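Protein chains: 2
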Amino acid sequence: MDWEVKIETKLKDGILDPQGKAVKTGLKSLGYENVDSVFVGKYMEIIIKDISKKEDASEMVEDMCKKLLANPVIEEYKYELNKMEG
Amino acid sequence: MDWEVKIETKLKDGILDPQGKAVKTGLKSLGYENVDSVFVGKYMEIIIKDISKKEDASEMVEDMCKKLLANPVIEEYKYELNKMEG
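Residue numbers (the numbering used here), protein chains in the order written: chain V, 1 to 86; chain C, 1 to 86.
Some hints could be false.
Remember, identical chains collapse to one label, so a pair may be satisfied in a single copy or spanning two.
[Said to hold, decoys possible] In silico DSS-like links for lysine-lysine, alpha-carbon gap of 30 Å or less:
1. K42 x K6
2. K21 x K66
3. K6 x K49
I should point out that these hints are in silico values taken from the structure, not numbers from a laboratory. Because the structure is a prediction, the values reported are computed rather than measured.
Make the full structure from the sequences, and use the hints.
Dropping the structure here:
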């Protein structure tokens with residue numbers, strides 16, 4: 001069974017987000033005055049092959065997030081795991 | 001009415017993704033042999049204030065994506081727009 005994983009990471013509340021601040025400033029300077037706040041994180045799509053159980057795939061994703069994909073000290077992450085057709 | 005927008009951007013198919021390649025190599029070297037492919041993009045959360053109609057908010061988001069948040073030549077984006085409570 002193959003799996004498609006979509007992962008979003010975001011800085012935790014209270015952690016300074018200079019990239020978000022820069023994007024907000026950029027949007028304001030383009031005239032988007034209604035923009036109140038901007039947070040910038042990462043988005044990843046990963047294809048995982050040949051794992052039969054969803055629980056095993058999910059455990060692997062958790063593990064990968066903690067070890068490499070996100071920095072658990074300053075970032076929070078969430079993911080969506082879907083079986084691939086065919 | 002205030003709105004919360006969640007935006008994901010990703011390189012279009014066929015555009016070289018060196019960051020995704022690096023993450024894939026990293027995961028393989030940690031022993032995650034089942035990883036088949038990795039794409040890395042951006043994830044953004046934006047709060048927009050004081051727009052009454054969803055269509056207007058949506059149009060504004062489209063506009064911001066094209067002008068600043070994504071590079072429409074090489075990136076595709078999708079977003080989710082939700083009314084904020086309270």
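| task | Taking the numbered hints from earlier one at a time, note which ones the structure violates and give those numbers from smallest to largest. | result | none
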